[in-house]
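Undergrad: Letter by letter, the chains look like this.
Number of protein chains: 2
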Amino acid sequence: MTDPLPFDVAPWSIGLSGLDESELAHRESVFALSNGHVGWRGTLDEGDPHGITGSYLNGVFERHPMPYAEAGYGYPSSGESVINVPNGKVIRLFVDDEPFDVRRGEVHRHEQRLDFRDGTLHREVEWTSPAGRRIRVTSTRLVSLSHRPVAAVRYVVEAVDGPATMTLQSELVANEALPEVHPDDRVKEVLDEPLAACGAFVLGTSATLVHETYESGQRIAVAMDHTVSAPGRAIVETEVSDHLARTTISARLEAGERLEVVKHVGHEWSATLDPQALRDRADAAVDEARRAGWAGLTAGQRERLDAFWTCADVEIEGSPRLQQAVRFALFHVFQSAARLEVRSVPGKGLTGAGYEGHTFWDFEGFVLPVLTSTAPEAARQALMWRHATLDHARERARQLKLAGAAFAWRTIDGRESSGYWPASTVAFHVNADIAAAVLHYVRATGDDAFLRDVGVELLAETARLWMALGRWDDDGRFHLDGVTGPDEYTAVVDDNVFTNLMAGQNLEFAAAAARRHADRARDLGVTGDEIDAWERAAGAVAIPFDERRGVHAQSAGFTDHARWAFERTTADQYPLQAHFPYFDLYRKQVVKQADLTLAMFFAPDAFTPEQKAANFGYYEQLTVRDSSLSAAVQAVVAAEVGHLDLAADYLAEAATLDLDDLHDNTDEGMHMASLAGIWTALTCGFGGMRDSDAGVRFAPRLPPQLTRIAFGIKLAGHTLRLEVRPDATTYRLSDGPPVTVHHFGEPVELEAGHPLTLPTPPLPDAGPRPTQPKHRAPRPFAEALRA
Amino acid sequence: MTDPLPFDVAPWSIGLSGLDESELAHRESVFALSNGHVGWRGTLDEGDPHGITGSYLNGVFERHPMPYAEAGYGYPSSGESVINVPNGKVIRLFVDDEPFDVRRGEVHRHEQRLDFRDGTLHREVEWTSPAGRRIRVTSTRLVSLSHRPVAAVRYVVEAVDGPATMTLQSELVANEALPEVHPDDRVKEVLDEPLAACGAFVLGTSATLVHETYESGQRIAVAMDHTVSAPGRAIVETEVSDHLARTTISARLEAGERLEVVKHVGHEWSATLDPQALRDRADAAVDEARRAGWAGLTAGQRERLDAFWTCADVEIEGSPRLQQAVRFALFHVFQSAARLEVRSVPGKGLTGAGYEGHTFWDFEGFVLPVLTSTAPEAARQALMWRHATLDHARERARQLKLAGAAFAWRTIDGRESSGYWPASTVAFHVNADIAAAVLHYVRATGDDAFLRDVGVELLAETARLWMALGRWDDDGRFHLDGVTGPDEYTAVVDDNVFTNLMAGQNLEFAAAAARRHADRARDLGVTGDEIDAWERAAGAVAIPFDERRGVHAQSAGFTDHARWAFERTTADQYPLQAHFPYFDLYRKQVVKQADLTLAMFFAPDAFTPEQKAANFGYYEQLTVRDSSLSAAVQAVVAAEVGHLDLAADYLAEAATLDLDDLHDNTDEGMHMASLAGIWTALTCGFGGMRDSDAGVRFAPRLPPQLTRIAFGIKLAGHTLRLEVRPDATTYRLSDGPPVTVHHFGEPVELEAGHPLTLPTPPLPDAGPRPTQPKHRAPRPFAEALRA
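Residue numbers (the working numbering), protein chains in the order written: chain A, 1 to 787; chain B, 1001 to 1787.
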């Protein structure tokens, strides 16, 4: 780990003073803005210097060939990669013909600040040009939460110490270079300048660029217009060419005078609309933004965020950095999904091109539960997206000679984009993770219409997949052979406990849903025999248990294998996959990321407390956390089995993973699932929250480092907030009918307006703190979250 | 299968009358000539039409990038592909300016014939040109067994029915197109015109082209000169350019007169020699060939082949086609290796570019035993080649974080060229197969110097690999986890029986060799403790046995898995790998090629007769023979367990695999291991031959279809021939000291000049004939080998 960036600590924002070219890409990810439709990385207004420029529209990608040294049946022949759409962030400034460039002249002050309640990225710079003219630039950028296609920048430049002519070049720039997402030349070639011009238009001072991709069949329109306020006359001119639109704004300022420009940018894309229709929509978005005005846009941000925070805010006492980190994380998760409209959240959100912009299982597994509890409409939109990809998933299942639907392991539009089947195609658990997300959503919202219209089909088609995959053995158990669970250092195994339990849950829930909505199920061709078979299999999934060692085997035979030689592995040999061949990782006991431990979190009732404690201790010794998906899960289970201090350390790791760039790849974008995991570690870890058909269960306990946590969740549209203190927890239901929850196993009825405070039972002795592989213990909480 | 080519049936040759453009590539493979250094496909002299042109030098390849959709640690970044060297076969003919082209004019007769004793490819054509001139062309081609760099063509054209001017263009053609060996564009680009010109020379009438490859750092020189006999004056002119050398020979013939040209071609390559030195060598080869003359070259062929056939010939009574097929096979195997000189035999020999010209484990596993028994010097040369690649193998082991040497799964120069690790890197058994080849060679030859100088190092380094790969468990057994055995439909498994037994044999033999040559072992750093550890592990390898089913599990847990749905699999879904994903093949009981059955052949003493019978019956039901390596092995074990009729059917399949193009890919070259398997099925199957430290064991028994088999093997330089009849076998030792062999388990001492005839014991009842998966039973012998 290099030195972490010196972000300041504040309760509702995160700021950074100074500027160092080597850290730009990291900063740009942290300061990225999005609304789930548009994503703008936190680049400087003037575009240069930059780390990784990035302007994304959710769902826009280019299709590229997938190269194989040795191809095989069912290998996808093409893959998908997120591409840059025309960049509307750019506002270049010339001061008396000197370009404003932080690498030249003198920077007196440089500060960027992301505000979690305003939903803006604010920047202040004081700079003296090489010719000696001092200016002050203040820019505020937003990606609108209230107007889906809109992003905007308010840019103010002030002549500080004398007169100057200020010339702004505000641009839309197409075909900006992408970071290398794939080393293959053919892929690079396809992704180099992926946009072909369809038209470039000027209307008054507005400009619009329309492009299309060569292979993926998508069209993109980006439009801009400006509102200019100058003390005297300002000249405004707009020109366009195929890949550049430029509005030049020029004004003479006296000392102390300011030029203010508000840039409105509209973004639309479509796989079906013709260029003219698409252009009209982008232009309409700009018009709408201009009508709303800067005040309207910023009010819209505040309004949407206030509504979000009212329920979702997590208050922390005992660690200001953790307080900031959890709000920062919730802000990123929320903005990644605020205006999804039947699209998914990529692994990196819209904050970078990492993972080629793909969505993985951890969206449903880690991000969706947070949205379900705090912004359920966004969760519904994302599940609608999965449902919209059902035809691709059915086609994939057919190709694999299975039944039902096999959802893509990594994708943008729903088609499989994985090139290494042992860690993708056979990681069938993604299907059960989607089913579980449906279950959580329906439990939290009571949205029975969704269950009928969307859920039953998702559940039935995934249930059919499991039935085609599984086999009954003479032992009377239902087995799933040759699959890969969450742990990517163990692949193509039989009876992965996580997969089997999740498949069982999927089958059980599918049967219940099909019985509840029998008409809908019948329309989908689900027979009574089929439902019976689902139930039988659900009740009989094989769960390997190693009697000799007294722990569950992560998969059949896992605990018999040689243990990884952790003592001989040096700190710089992590992540292991970069230094050892897969085959050696696969055949030994070494765990990349929580797998059996995740099973204990996602299927809590399948294990006794004693099994949980024994399993956790056993797998802690094997888990190296080479994946960002692990720490939060380990925090949750550590807390459940009573290792609150260890849980706090894991929480701290999740909380600092992107801010401190622990995996050295935050440059490529924020880790959405890990950000979501911070919330999860707090609510499901220290809050002990688990959902169930009989109501949400809580078992709140604070770690020694914290004196108070408060958090809220949405239940059937109403807000339940918990305030956890060391000795007791207070439950507050905002409104609506009474609900039953469980406090340490005891059912409790909560009424709106009647807070209930319940004591925390004493913590049973959890035994000695579990140990981790050499070099892989988490940093202590106090060290990671030092103020 | 399309209609097989109508090859004629003859005891010592194979011929084909007529010509059909659609079958050219198949014919070219069957009629390919080689000496292990040079390989010439059986294309027509005039070059066109052709199926797949091909002129190879053993060891010449180009290096190309290996593309991966998702790369991983230890994946080879580049691969190797055989390329065409300048083609010296081409002799174009013009008859009064009309090109001789079998697609034009009228072909009255066209015959090609490969002669197994002459070592020549003979061709006769009678043709009338579109202008009405009738000619007779007789060409004989050879790749010299006595002069390593030399190939030659005697080309005779006769004016049949009137005077004509005959003009021959005899050429060397560089950069001829290769068939597509890899679908990736980057690979194709590298392999398109892979030769750069280094020089083109004329000296008198001779011509020499020198080229070099762009990436692999090899230089190639090919030279030619001609001996011309014409009734009158012949004009001979030679010209060269970068990629073409042409000698034009023109003569006027009256009706009945002939023009005879002998073309001598010399081939050399080197990774170190400069162009001039290489040119000199190629020129010297041509001079040498001219001095030997056509008579000398053909005498050399006959002499070498007579020597070979004296020991190696297999006589068959009862099936003329089988008689031809076995000699054809032995001829191909012998010529592929006759002049190896520290190189290997690729999977397709030098008969085509299939498998990119790579050598695999089946060379040591299938081809080397035949050479060891019939041409032991060739076997020695091939083992020297493996030894010469030890540094690459050590480097690979280091890269894989193992010890000793990890030999390449597929390679030309010893570097790993595999792109799919589950079916290559972890198929570690290749190392034990190499060790076994050393064992067989030493047993058959008694070549103790080889064992000391070459064998000990090969054995010790492979033994070290096994020790690094294995683990001791509490059960006191030595386990090998996460490997792939011969069956490529089952991958990355624990304790593959074949691998474990072969590894045990490797360790045991390494220990014995190290004790025998203690000085040499010490020089290699082998310690006494190390040898002890090898012996302990050798005696303790885990051998999974399924008590419930009473059979060995091919690998741990194999017999617990679901059985492939053979009943639902249609005939056109074979080979399965082209229609089903790997993961589904891997997790089910379905066997591509003999694996446990191969273990029973290669480690015969590890199984009781009852186990062999039970195992064979069990695995017959699962084995689909999607690999050409399977039928011969199944023949051997079927014969051993008493199913002689089934063994005969499998032998027939091996015997017709290339002649009838059963796998629809003989176009790309002959399957060397399958050809070798014909011999193996006869000698080890019906001869019951197995080697051992206590002498060779035989258990000869004829199938009902045959009345007599005779075959010979080399033992310590002397020839032992067996003549097997239904009721008895006669053993004849040519010369040398007495040897002990075993006849049906009884030791017998054989003396030179004293044939011994021993009776065949009655065949115990083998029970009902084992069954195969639907659609996958072998054709009956009588149908496959109908005359």
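You may find that some hints are simply not true.
Okay, the calculated beta carbon distance ranges per label pair [as the list claims (entries may be wrong)]:
| no. | chain 1 | residue 1 | chain 2 | residue 2 | range |
| --- | --- | --- | --- | --- | --- |
| 1 | A | Tyr73 | B | Pro1755 | 42 to 48 Å |
| 2 | B | Arg1104 | A | Arg398 | 45 to 51 Å |
| 3 | B | Pro1762 | A | Thr527 | 55 to 61 Å |
| 4 | A | Phe566 | B | Glu1535 | 25 to 31 Å |
| 5 | A | Thr128 | B | Gln1399 | 52 to 58 Å |
| 6 | B | Asp1003 | A | Arg398 | 44 to 50 Å |
| 7 | A | Ala694 | B | Asp1546 | 42 to 48 Å |
These are computed hints drawn from the structure, not numbers from a lab.
Every residue, glycine too, gets a C-beta built ideally from N, C-alpha and C.
Undergrad: Each hint should be assessed against the structure and marked as holding or not.
TA: Comparing the hints with the structure gives:
no.: 1; hint: Tyr73(A) x Pro1755(B): 42 to 48 Å; verdict: violated (55 Å)
no.: 2; hint: Arg1104(B) x Arg398(A): 45 to 51 Å; verdict: holds (50 Å)
no.: 3; hint: Pro1762(B) x Thr527(A): 55 to 61 Å; verdict: holds (59 Å)
no.: 4; hint: Phe566(A) x Glu1535(B): 25 to 31 Å; verdict: holds (30 Å)
no.: 5; hint: Thr128(A) x Gln1399(B): 52 to 58 Å; verdict: holds (55 Å)
no.: 6; hint: Asp1003(B) x Arg398(A): 44 to 50 Å; verdict: violated (34 Å)
no.: 7; hint: Ala694(A) x Asp1546(B): 42 to 48 Å; verdict: holds (45 Å)
Taken one by one, the earlier hints fail for this structure at numbers 1 and 6, listed in ascending order.
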